[in-house]
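Using the sequences provided together with the hints, build the complete structure.
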Amino acid sequence: MSTSAYHPAYFQQPRELVIDVDDVRRHEVPLPDDSEMIEFKGRVQEWMKLDKEIKSLEAVIKEKKTAKINLTKDILLFMGEFNVEDLNTRDGRLRYKVTNAIAPLSQKKIRERLTTFLEAKFKSGKDGECQRVIEEADTIVFQRDRIEKVSLRRLK
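To get our numbering, take the position in the sequence shown, counting from 1, and add 114.
Treat the hints with caution; some may be incorrect.
To be verified - Have a look at the derived ranges for each label pair, beta carbon to beta carbon:
1. P146 x R225: 44 to 54 angstroms
2. E243 x K222: 19 to 29 angstroms
3. F236 x D188: 50 to 60 angstroms
4. K178 x R267: 23 to 33 angstroms
5. L208 x R246: 19 to 29 angstroms
6. F236 x K169: 50 to 60 angstroms
7. E249 x P144: 46 to 56 angstroms
As the list claims (entries may be wrong) - Heads up, simulated DSS-like pairs for lysine-lysine below, C-alpha to C-alpha not over 25 angstroms straight-line:
8. K155 x K166
9. K211 x K187
10. K166 x K179
11. K179 x K222
12. K166 x K178
13. K211 x K223
14. K263 x K169
15. K235 x K166
16. K163 x K176
17. K235 x K223
18. K169 x K182
19. K155 x K169
20. K235 x K222
21. K176 x K166
22. K211 x K178
23. K163 x K263
24. K182 x K163
25. K222 x K211
26. K211 x K182
What the hints contain is simulated information worked out from the structure, not anything from laboratory work. For every residue, glycine included, the Cβ atom is placed at its ideal position computed from N, Cα and C.
Below you can see the structure in the form of structure tokens.
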């Protein structure tokens, strides 16, 4: 458990949730009754508490992942240098393996390759045609459908 979980500020009471009633009235939204407001405030306070706990746990996870990455580099260097393919431990086996994969496509790489190809194809002075094709490729990449996602995010 992280030491921040034992910090005195961790045990402080959550702040009071304030809803601007005038703002609600301006938008002509019906006001919830008192029991609904109390239940809502409780859910919000619980959400805030969980969010705070998650953030502290994520900080610990981040530290551990960083340490693991550094150890992984050292282990891979050692195993590669001394040609160790398999390593048996009480907790399991480790295998040193080298794989080759195709690099992912990026918009920059697509544009570079398309430009090179089109410039070679239209070398006979049709630069305008080459530019139009590149612009069309940009249109395909940048004018994709947008989707709407609704989320709840805590602001500082």
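> Where does the structure disagree with the numbered hints, that is, which hint numbers, in rising order?
Replying inline: Numbers 5, 11, 13, 15, 24 and 25, in rising order.
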